[in-house]
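A.B. asks: Chain residues, written in single-letter form:
There are 2 protein chains.
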Amino acid sequence: MSKSTDTELAEKMKIQLDKSKFNEWYNAVTDLADLTDKRYPVKGMNVWTPYGWRLMQNIDMLIHHEMVDTAHQEVCFPLLVPEEQFQREADHIKGFSDEVYWVSHAGGKDLDIPLLLRPTSETAMYPMFALWIRSHADLPLKSYQVINVYRHDTKQTRPFIRMREIHFFEAHTCHIDFEDAERQIDEDLAIMRRLCHALCIPYLVLKRPDWDKFPGAYYSLACDAMMPGDRTLQIGTIHQYRDNFAKAYEIEYEDAEGEHQFAHQTTYGMSERLIGAIIGIHGDDRGLILPPDIAPYQAAIVPIPKKGKQALIASECEKLQTTLEEAGVRVHLDERDIRPGSKFYDWELKGVPLRIELGPRDLANDAVMLVRRDTGKKEVVDRNAVVAEVRERFDQIADNLRSQAETRLEESIHTVHHFEDAMEADGIVRVAWCGNEECGLLIQDDIDKSMLGTKRDVDASEDPFEGNCLNCGKPTTTAAYFARTY
Amino acid sequence: MSKSTDTELAEKMKIQLDKSKFNEWYNAVTDLADLTDKRYPVKGMNVWTPYGWRLMQNIDMLIHHEMVDTAHQEVCFPLLVPEEQFQREADHIKGFSDEVYWVSHAGGKDLDIPLLLRPTSETAMYPMFALWIRSHADLPLKSYQVINVYRHDTKQTRPFIRMREIHFFEAHTCHIDFEDAERQIDEDLAIMRRLCHALCIPYLVLKRPDWDKFPGAYYSLACDAMMPGDRTLQIGTIHQYRDNFAKAYEIEYEDAEGEHQFAHQTTYGMSERLIGAIIGIHGDDRGLILPPDIAPYQAAIVPIPKKGKQALIASECEKLQTTLEEAGVRVHLDERDIRPGSKFYDWELKGVPLRIELGPRDLANDAVMLVRRDTGKKEVVDRNAVVAEVRERFDQIADNLRSQAETRLEESIHTVHHFEDAMEADGIVRVAWCGNEECGLLIQDDIDKSMLGTKRDVDASEDPFEGNCLNCGKPTTTAAYFARTY
Chain A
35 MSKSTDTELA EKMKIQLDKS KFNEWYNAVT DLADLTDKRY PVKGMNVWTP YGWRLMQNID
95 MLIHHEMVDT AHQEVCFPLL VPEEQFQREA DHIKGFSDEV YWVSHAGGKD LDIPLLLRPT
155 SETAMYPMFA LWIRSHADLP LKSYQVINVY RHDTKQTRPF IRMREIHFFE AHTCHIDFED
215 AERQIDEDLA IMRRLCHALC IPYLVLKRPD WDKFPGAYYS LACDAMMPGD RTLQIGTIHQ
275 YRDNFAKAYE IEYEDAEGEH QFAHQTTYGM SERLIGAIIG IHGDDRGLIL PPDIAPYQAA
335 IVPIPKKGKQ ALIASECEKL QTTLEEAGVR VHLDERDIRP GSKFYDWELK GVPLRIELGP
395 RDLANDAVML VRRDTGKKEV VDRNAVVAEV RERFDQIADN LRSQAETRLE ESIHTVHHFE
455 DAMEADGIVR VAWCGNEECG LLIQDDIDKS MLGTKRDVDA SEDPFEGNCL NCGKPTTTAA
515 YFARTY
Chain B
35 MSKSTDTELA EKMKIQLDKS KFNEWYNAVT DLADLTDKRY PVKGMNVWTP YGWRLMQNID
95 MLIHHEMVDT AHQEVCFPLL VPEEQFQREA DHIKGFSDEV YWVSHAGGKD LDIPLLLRPT
155 SETAMYPMFA LWIRSHADLP LKSYQVINVY RHDTKQTRPF IRMREIHFFE AHTCHIDFED
215 AERQIDEDLA IMRRLCHALC IPYLVLKRPD WDKFPGAYYS LACDAMMPGD RTLQIGTIHQ
275 YRDNFAKAYE IEYEDAEGEH QFAHQTTYGM SERLIGAIIG IHGDDRGLIL PPDIAPYQAA
335 IVPIPKKGKQ ALIASECEKL QTTLEEAGVR VHLDERDIRP GSKFYDWELK GVPLRIELGP
395 RDLANDAVML VRRDTGKKEV VDRNAVVAEV RERFDQIADN LRSQAETRLE ESIHTVHHFE
455 DAMEADGIVR VAWCGNEECG LLIQDDIDKS MLGTKRDVDA SEDPFEGNCL NCGKPTTTAA
515 YFARTY
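Residue numbers (the numbering used here), protein chains in the order written: chain A, 35 to 520; chain B, 35 to 520.
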């Protein structure tokens with residue numbers, strides 16, 4: 035939060051960022067770019083500083099727009115869930131009970147009923163859904179909320195990636211039958227595609243193996259992005275619950291024939307991990323690189339001072355700022371009394387997609403200098419065409435980030451047919467699996483990678499493949515994906 | 035959430051709303067208008083349903099804009115505060131310890147340090163402020179967040195007015211000295227004026243007596259609105275902390291001379307109580323009346339069907355909706371297959387400021403019918419001038435709500451000079467008070483009303499007054515305000 039001075043920036047500049055040492059790089063860049071403050075004295079709970087919070091809000095805003103366009107309605111449920119309500123779905127309790135925070139007293143007295151902090155909101159919402167839904171005319175019910183969830187995760191915490199207080203998006207839907215719930219899942223996948231297009235993040239959609247599905251789900255789809263450090267990151271999940279929770283929470287409706295039926299349900303979840311993916315996938319040795327659609331500042335104007343022309347340059351920079359703001363560009367004019375070089379360094383660290391320099395020479399030529407964060411490319415452009423030029427650069431930057439990341443994801447997938455190759459391969463390995471749980475678990479252990487799963491519909495030749503199960507040798511047309519994960 | 039049918043609405047219509055019985059009315063109208071769902075099984079924690087949540091979000095959006103305009107930066111601090119950190123400011127602990135929820139175990143194990151759910155965020159934020167602030171160049175620090183706070187209040191709960199999970203806005207600022215903190219308070223008061231202008235809520239700004247100030251504050255200003263049920267509602271508070279918390283949390287800065295100084299601090303808080311005030315102050319026997327600036331729907335279009343012209347009317351209604359949406363009006367076209375009368379009833383209940391009817395006669399005359407929610411007044415206006423006409427009605431509705439409420443507030447204030455009059459008077463009584471705590475407390479008890487306080491600066495003849503203290507009889511120029519409160 036400190037308003038950086040030349041001295042403070044000079045201190046920062048001494049820290050050499052090296053993305054090839056990913057863990058150290060990640061830890062340093064989240065600090066240096068003022069994305070979060072990790073000094074809050076509760077493990078796994080950091081402070082959202084203004085810059086990081088604006089980034090999160092911009093992502094949330096894209097999600098809100100997607101929700102409005104797809105007729106989801108925003109709700110906000112209480113944080114605290116009564117014990118009894120939490121314990122109605124057996125698999126769900128088993129899956130979460132090791133991670134749940136409990137509130138058992140208040141104001142010096144024990145509470146009548148122990149309450150827990152939601153680790154996710156199924157158990158808060160579904161008893162209410164049972165009250166809201168009466169007839170088929172009430173379906174589909176499409177709700178979502180953006181809130182925090184709390185999970186006392188015992189693994190090593192990492193900002194945005196593994197937290198105990200998690201900024202969370204969750205959509206919960208109820209449908210007349212399994213098929214309508216499947217259509218919802220198609221819609222969710224389309225939303226994920228549009229959102230990740232804006233974030234320039236490519237990913238695989240994989241159906242998790244049964245032993246790794248969401249507690250209480252019929253099946254779980256997960257979106258896995260390839261991160262540096264040779265691990266994948268789960269950035270979104272979509273669960274088909276069938277009528278499993280509906281039976282536990284009595285979510286019933288009267289169909290057109292007057293018969294009582296259980297609703298079929300889905301959920302779709304994402305979190306601040308999207309920021310973790312953006313940092314990891316796009317960043318470089320100079321710091322963050324933020325996709326233009328969600329960057330808090332899409333462009334930073336840096337005046338290049340010249341004796342005797344200070345006021346003129348300052349005034350032209352202000353005009354430039356106004357022009358861009360009026361065109362809807364999120365632009366910041368950096369008027370700090372520090373050297374331009376310090377400003378360049380600072381905005382590069384913070385990942386601002388485009389730097390706009392305006393100095394005496396530009397002034398003389400009625401031009402401005404555009405500097406792309408992703409490539410470092412400098413271009414002098416006509417001052418009068420600046421809005422169009424800036425917009426064109428944003429598109430180019432997004433295209434470049436996207437295609438670089440796509441290439442890296444594709445290159446990280448290795449189809450292999452032998453154990454040794456599967457063990458040695460980096461990234462994501464794609465191997466033959468007969469579908470048997472025992473074989474899957476053995477392969478996991480032997481190659482020291484987790485099974486991410488298979489494509490959603492292997493029968494529909496979404497992922498054509500032929501091979502012999504890596505464990506039992508049985509011929510199969512199913513490819514399973516394995517990787518080390520964050 | 036249920037998509038109301040004729041039958042369901044007919045059930046609702048049987049409930050007779052009578053605002054003169056305020057408590058019952060308030061309870062019924064919050065249910066009937068789908069503002070909240072009170073059936074969540076934790077006392078004082080309700081579900082924000084889509085309609086209520088949109089209303090809250092619209093209010094929050096006005097606050098966000100005010101914060102941006104006044105250079106506050108949004109942050110988001112963790113919910114959980116370590117015990118030690120909470121206990122550094124003695125008065126603050128004393129004030130809140132009876133209401134605090136404690137988290138003492140997670141995943142079946144005791145936590146190393148007990149954590150509490152923030153009842154407000156001073157104790158979460160200030161240790162971090164101590165790290166963020168180094169020099170006078172870092173000041174003023176102006177932060178705010180919109181989050182939930184948790185208070186195990188033992189009084190009777192009431193939706194939006196007295197909850198245990200509270201949707202909360204809190205601004206926290208740090209300044210070089212007392213005077214700069216005072217200037218911040220002036221800015222906060224100006225923000226409150228602009229915000230409440232939009233909400234059409236008049237209020238008194240009163241300096242709470244010392245025995246009722248915020249725990250840890252040097253002084254507290256509160257904004258009190260006059261509600262039905264003969265009680266006032268505190269809808270906002272602004273606290274001057276001086277360097278009291280800064281000393282407890284070591285928030286120090288180096289001044290221009292290199293000397294270490296403690297920062298002076300203020301806070302400004304508001305909550306979902308703003309909705310409570312809107313409901314109570316503007317509503318009537320037909321339901322809510324929402325000020326146009328924050329109504330989820332500013333206008334509802336109701337087609338008046340006519341055999342043989344159904345499709346034509348429907349298509350004209352769609353065109354009307356598009357015209358208004360393109361002009362930035364939040365408009366809803368009610369296409370439900372229920373009687374127009376049921377729709378009228380429903381939108382009146384929900385407080386939509388303007389109803390727009392379009393039927394065969396309007397079609398013939400190239401007109402639409404506007405019906406004001408506040409007055410019930412019907413006016414046929416030119417279809418081609420509809421945007422301007424609608425906007426004009428919004429202004430008229432807001433002006434009318436504001437002036438009605440202002441009149442009621444003014445009429446509720448009674449300046450009295452005798453005990454009997456003070457006891458018998460309804461509303462807010464304004465009486466002479468010598469300034470002595472003992473006298474103030476005795477007057478409170480004797481007239482069975484709480485002291486709200488005095489004007490901020492009685493010396494500056496903000497509130498000219500002459501009288502003899504109602505308890506000791508000493509002559510005084512200070513007027514104190516008393517009322518029963520929610």
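In short, the hints are calculated from the structure, not lab data. Built from N, CA and C at the ideal position, the CB exists for glycine as well. Among the clues, some could well be false.
What the hints assert, rightly or not - As a list, the in silico DSS-like pairs of lysine-lysine whose alpha-carbon atoms are at most 25 Å apart:
#1 B:Lys176 / A:Lys72
#2 A:Lys281 / B:Lys143
#3 B:Lys143 / A:Lys77
#4 B:Lys508 / B:Lys53
#5 B:Lys281 / A:Lys143
What the hints assert, rightly or not - Examples of chain A residues lying across from chain B (beta carbon under 8 Å, computed):
#6 Tyr135
#7 Leu367
#8 Ser495
#9 Pro498
A.B. asks: So, for every hint listed, does it hold in this structure?
C.D. replies: Evaluated hints:
Distance check on the hinted pair: Lys176 (chain B) and Lys72 (chain A) sit about 20 Å apart at the alpha-carbon level, within 25 Å; holds. Pair hint Lys281 (chain A) plus Lys143 (chain B) does not hold up; C-alpha atoms about 31 Å apart against a cutoff of 25 Å. Proposed proximity of Lys143 (chain B) and Lys77 (chain A) is supported: the alpha carbons are some 15 Å apart, at most 25 Å. For the suggested pair Lys508 (chain B) and Lys53 (chain B), the alpha carbons sit about 42 Å apart, so the restraint of at most 25 Å is broken.
Distance hint between Lys281 (chain B) and Lys143 (chain A) is unfulfilled; the C-alpha atoms sit about 31 Å from each other, more than 25 Å. Of the supplied interface hints, the one on Tyr135 (chain A) holds, with its beta-carbon coming within about 4 Å of a beta-carbon of chain B, less than 8 Å. A cut of 8 Å between beta carbons decides the hint on Leu367 (chain A): the least distance to chain B is about 14 Å, and the hint is violated. The beta carbon of Ser495 (chain A) comes no nearer than 41 Å to any beta carbon in chain B, farther than 8 Å, and the hint placing it at the interface is violated.
Hint status for Pro498 (chain A): violated, given a least beta-carbon distance of 43 Å to chain B, over 8 Å.
In the structure shown, a violation is registered for the earlier hints numbered 2, 4, 5, 7, 8, 9, in ascending order.
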